[in-house]
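S.K.: These protein sequence lines map, in sequence, to chains X, U and W. Counting from 1 along the first sequence, just add 146 to a position and that's the residue number in our numbering. Counting from 1 along the second sequence, just add 150 to a position and that's the residue number in our numbering. Counting from 1 along the third sequence, just add 102 to a position and that's the residue number in our numbering.
Careful, some of the hints might be misleading.
[Stated by the list, open to error] Lysine to any residue pairs mimicking SDA-like chemistry, simulated, CA-CA at most 20 Å apart:
no., chain 1, residue 1, chain 2, residue 2
1, U, Lys422, X, Gln334
2, X, Lys162, U, Ser285
3, X, Lys221, W, Leu533
4, U, Lys418, X, Gly335
5, W, Lys550, W, Asn357
6, X, Lys390, W, Lys452
7, W, Lys452, U, Ser285
8, W, Lys238, X, Pro201
9, W, Lys452, X, Ala251
10, W, Lys546, X, Gly392
11, U, Lys422, X, Ala251
12, X, Lys221, W, Lys546
13, X, Lys437, U, Met270
14, X, Lys156, U, Asn331
15, U, Lys422, X, Ile261
16, X, Lys153, U, Phe255
17, W, Lys403, X, Ala251
18, W, Lys419, U, Pro192
19, X, Lys156, U, Phe255
[Said to hold, decoys possible] So these bits of chain X aren't anywhere near chain U, every CB distance computed over 12 Å:
no., residue
20, Arg220
21, Lys221
22, Gly296
23, Arg307
24, Met310
25, Thr441
Keep in mind that the hints were calculated from the coordinates and are not lab data. Built from N, CA and C at the ideal position, the CB exists for glycine as well.
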Amino acid sequence: MEYLVKKLYKLIDTEKYAGYILILPNLIFFSIFFVYPFLSVWVYSLTDWDLFSSPRFVGLSNYIRLVLEDELFRKVLLNTLYYSFVAVPTALFVAFWLALLLNRAMPGTIFFRTIYFLPYVTLMSAAAIVFSWLYHPDYGLINYLLEKIGIHGVNWLNDERWAMPAVIILENWHALGYPTLVYLAAFQGIPGELYEAARIDGANWWYQMRYITLPLSTSAIFFTLTTSLIGAMQTFDSFFILTKGGPAYATTPISYYLYQNGFEWFKMGYASTIACILFVFIGLITLIQWKLGKTWVYEG
Amino acid sequence: MGYQSTKKNIMGDIIAYILLSIFGVLMVLPFIWMVSTSLKPPEEVFVFPPEFIPRHIAWGNYIRALEEIPYKRLLFNSFYIAITVTLGQLLTCSLSGYAFSRLRFPGRDVLFLIYLATMMVPLQVRLVPLYIMMSRFHWIDTHYALIVPALTSAWGTFLARQFMLTIPRELDEAARIDGCNYVDIVFRIILPISKPLLATLGIFTFIGTYSDFLWPLIVISSVSLKTIPLGLIMFQERIYLETPWNYVMAASTVSVLPLLIIFILGQKYYVKGIVTTGLKG
Amino acid sequence: MSFLKSSLKLVVIGVLVCFIMASVGYAQQVPVPKGVEGYKGKDWEPERHIWTLGTVDPNIKTTFRILSWEGEFEFIKWFLGIDRFFKHYYPNVKVEINWGVEWNTYWTKLPTMLAAGDAPDLIWMHDTRNQTFAAKGMLLPLDDYIKKLPPLGWPYDFYTSQVTSFQYEGKQYGIPYDFAPGGYYFNKTMFDKAGVSYPPEWSTDWTFEDMLEKAKKLTRDINGDGKTDEYGVQMPTGGWNTYWVIRSFGGDLFNQKTKKATLTNPKTVEALQFIADGRFKWKVDPVFSTTDAQRAFVSGKVAMQFSLNDEAFGIDKVIEDRFKWGVCPSPRGPAKRAQFVGGSALSIPKGAKNADIAYELIRYMLSNPEVLPMNGRVGSQLVSRKSFYPWTLNEGLYKKLPNYYYVFYELGSKDGVMPWYFPGFQEYDALWSRYMDPVFVTGKMDAKSALSKYQIEAQRILDQMKK
Chain X
147 MEYLVKKLYK LIDTEKYAGY ILILPNLIFF SIFFVYPFLS VWVYSLTDWD
197 LFSSPRFVGL SNYIRLVLED ELFRKVLLNT LYYSFVAVPT ALFVAFWLAL
247 LLNRAMPGTI FFRTIYFLPY VTLMSAAAIV FSWLYHPDYG LINYLLEKIG
297 IHGVNWLNDE RWAMPAVIIL ENWHALGYPT LVYLAAFQGI PGELYEAARI
347 DGANWWYQMR YITLPLSTSA IFFTLTTSLI GAMQTFDSFF ILTKGGPAYA
397 TTPISYYLYQ NGFEWFKMGY ASTIACILFV FIGLITLIQW KLGKTWVYEG
Chain U
151 MGYQSTKKNI MGDIIAYILL SIFGVLMVLP FIWMVSTSLK PPEEVFVFPP
201 EFIPRHIAWG NYIRALEEIP YKRLLFNSFY IAITVTLGQL LTCSLSGYAF
251 SRLRFPGRDV LFLIYLATMM VPLQVRLVPL YIMMSRFHWI DTHYALIVPA
301 LTSAWGTFLA RQFMLTIPRE LDEAARIDGC NYVDIVFRII LPISKPLLAT
351 LGIFTFIGTY SDFLWPLIVI SSVSLKTIPL GLIMFQERIY LETPWNYVMA
401 ASTVSVLPLL IIFILGQKYY VKGIVTTGLK G
Chain W
103 MSFLKSSLKL VVIGVLVCFI MASVGYAQQV PVPKGVEGYK GKDWEPERHI
153 WTLGTVDPNI KTTFRILSWE GEFEFIKWFL GIDRFFKHYY PNVKVEINWG
203 VEWNTYWTKL PTMLAAGDAP DLIWMHDTRN QTFAAKGMLL PLDDYIKKLP
253 PLGWPYDFYT SQVTSFQYEG KQYGIPYDFA PGGYYFNKTM FDKAGVSYPP
303 EWSTDWTFED MLEKAKKLTR DINGDGKTDE YGVQMPTGGW NTYWVIRSFG
353 GDLFNQKTKK ATLTNPKTVE ALQFIADGRF KWKVDPVFST TDAQRAFVSG
403 KVAMQFSLND EAFGIDKVIE DRFKWGVCPS PRGPAKRAQF VGGSALSIPK
453 GAKNADIAYE LIRYMLSNPE VLPMNGRVGS QLVSRKSFYP WTLNEGLYKK
503 LPNYYYVFYE LGSKDGVMPW YFPGFQEYDA LWSRYMDPVF VTGKMDAKSA
553 LSKYQIEAQR ILDQMKK
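Pulled out of the complex, with its shape left as it was, chain X reads as follows (with noise of 0.2 Å):
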């Protein structure tokens, strides 16, 4: 015991075991519950199998089934695409003008900074059984306010049409305090010499902005685009609790899809299939995303 005692000491004391002693608990759990899973998702992919009766190896049928004849899926899977590249562009537009907003030497700006971060704290499940409150027909909020300007309120949560608007309504005001930070940290980083520079030459506000602020927070444009892009297709629990998918899967995307093939019918191999499908498919719009940084991304 003495022996082994003194052997750890001095395998600590050695850079190399050191790094690797220190390593191994985080490296443990994240083989285990990463990696293999990971790894694993694939060979389910290729299985028809419901847990309780044994695997049943099928190929490719699960792949050819879901790209090719699911009508189900490619609904799923554009109103993916519908909700990512709306609820995400708006997001990023309204924040990249709330930091600029926020940019300002003027007191206060902690505080407004502090109410547009709440939201994001705040329990997606509350904050989607409260805006579900918000957007009742009648004695909802919203369409009280909107009837007060004059537009009449619509049936949000049952009508095909509004029912993903509702969605995104609810997405963005959760997410909006993410990158309104981060873009008012990079406009923070700009340097006020530049500014000063362009005052001095006369240069008025849009012109700051296009020449200045615009193309120094490039990358961090780009970085929240790919960021929120993700996240945006993996979204699931505001569509679980707001809508249920509904009306008519109007609000189901993929993440849902999955998870009703794999926990309401228990079709594992289904799920696993359309699993790695949401992967190469957030793999390539990552990767065209990142082509084209390349041309329009600036690298101070």
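Starting from the known structure of chain X, arrange chains U and W on it as the hints suggest.
M.R.: Chains U and W only, in chain X's frame:
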């Protein structure tokens, strides 16, 4: 700094304040409505036009709501799970963060690259295999399934490494000269000055674990084992009766309160955490 | 060195403590349903040879696990039976009951438990799911048990439709515990106010056309603000509760013999279009969200509502004396008269450790002449055995609804129809709202177009069925 406030810009400032305030109201409105509804007695909930200030304040809603769902138990569950996971992650991530940032060992960079790569893998990809694993371990419908897989995270490891890269190496070297081994260095020198990292990682992990919805939804079915997010939607599951909005709002208010408090207290670190990962991304 | 040890120790101990607390989750005591005490009445003599197979040691020490979706109120009657059974026959058995599991959660929890090898001993089963579970081999066939020790009154005193719905490939997989026929609840006060004659309460002498006529007269805008305040009828629009309408028109969902989906059968289309017209052409049927729809009748917004027999109890409690109401038979269709019937059963999962005891318990609770009256009286169901139907209503409710047994029990036994709940039916049913919401919720599509799309998916799911 960006725009400077000079005399000429007072007009700009006023416009900014107005816009910020309008938006601020929009952001805060749901919270106000939540609290307002939570204090209304049942008759006042379905009032049209909607009123912000209830005519009778029903404090009793809070007591009723917390009895409807076994709230104390759920709160306890959420807290101790979040605390355990946070402590676990602080431990694993800071130890490995140090190793990745200062120690040289073969395979270090490749390994770290793998960690980085998995940050891009969505949770849903791992969902089915993790579930099958939990089933084999007989951990379904237990808290082990919520705690053990979460004891480390790629993001936390990344954050720790980035932070520790900024710590001057002289400290390490001085300690080595004094005869410390590497584990000593971590615990006696590095960790004490990594308080910002620990605070940031701790707050993020706590908030993230507390708010986790999908994984607990899949894994937990017994009511007494549920977490707060799952408990809140139990109000929606009542058939035949209209959702008791005032109680639901009361329960929601109580549920978000811990997070708001933690955020307001640890704001500084939270913001820094986002910024650090954001800009060096 | 000591600092390292102590801080490390602290954190590790902290994490360990939390792990121990995690295991606390195992030891959860499911409480006894509230209100049980009020029902404990006279006890009866145990007759071991009648109620047990004799295969299990009376002093056996084991844990008997039960999983049920029945809520607090409904579980009281079961609890009383379970309590008595174990007290008399197996006093050393520890009974773990997980009741009140929410409906959707129940159907994910059960397969999960079975897959993990943690099968309970006694489970609740529903006619819509029986074939799916039986086909997957998740249920224990009960035929051997039934042969050795048949339930009293088996099978003639049990509802044929229910007995059949818990069979699969010739084997019996559950003993039905209730009979749930559908009918109409109508608001007599609204009828009086509008001057419309009541639907027939003691005969089936009305058709869907008659119902439509009455509904038109009952749909009114009371305060003249342009919005309809009262509606005539609320028709079913779900996958399971529209089936009787389809059959009344002469259509069907599936052809069990040829294993083909018949959603596009013109009579099927006609039936569903009739319902859709009620909403969007004649506007006598409101389009409410689910929760509002459930409250519509009791809050006096709808004059006639389709529902099941057990709804009477809940409705009575909520309405109290606010208006007069009654029940009446569902109308006849152009082809015939068909009535919704369905129900649940008690089953034993494969892998149950105490299967013998489970069967004895099932038989005890569902065929014991001393237990059934209590089941009927305490709960809201028409109980397992036909001859015990008079126990369902208490005196007060019987006075209010003298035609209850006629509407539900008699007519249900005669004209009851059920869909073919083939293995995989849930997947088909999950798509109902996807394809039929444009017909029933938004009114944008006619039944024929929607059904032709749905037909393709339905056929695909049918084809997926093994064998």
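S.K.: If a hint holds in the structure, say so; if it doesn't, say that too.
M.R.: Tested hints:
1. U:Lys422 x X:Gln334: holds, 13 Å
2. X:Lys162 x U:Ser285: violated, 37 Å
3. X:Lys221 x W:Leu533: holds, 13 Å
4. U:Lys418 x X:Gly335: Measuring from Cα to Cα gives roughly 18 Å; hence the hint holds.
5. W:Lys550 x W:Asn357: Cα-Cα ~18 Å, so holds.
6. X:Lys390 x W:Lys452: Violated, because 32 Å separates the two Cα atoms, which is more than 20 Å.
7. W:Lys452 x U:Ser285: Status holds; Cα separation ~17 Å.
8. W:Lys238 x X:Pro201: Satisfied, since the Cα-Cα distance of roughly 13 Å is no more than 20 Å.
9. W:Lys452 x X:Ala251: violated, 71 Å
10. W:Lys546 x X:Gly392: Measuring from Cα to Cα gives roughly 16 Å; hence the hint holds.
11. U:Lys422 x X:Ala251: holds, 19 Å
12. X:Lys221 x W:Lys546: holds, 18 Å
13. X:Lys437 x U:Met270: holds, 17 Å
14. X:Lys156 x U:Asn331: holds, 8 Å
15. U:Lys422 x X:Ile261: Distance of about 17 Å is within 20 Å: holds.
16. X:Lys153 x U:Phe255: holds, 19 Å
17. W:Lys403 x X:Ala251: Cα-Cα ~59 Å, so violated.
18. W:Lys419 x U:Pro192: Answer holds: Lys419 (chain W) to Pro192 (chain U) is near 19 Å, not above 20 Å.
19. X:Lys156 x U:Phe255: holds, 16 Å
20. Arg220: holds, 18 Å
21. Lys221: holds, 18 Å
22. Gly296: holds, 15 Å
23. Arg307: Arg307 (chain X) is indeed farther than 12 Å from all Cβ atoms of chain U, at 23 Å.
24. Met310: holds, 19 Å
25. Thr441: holds, 18 Å
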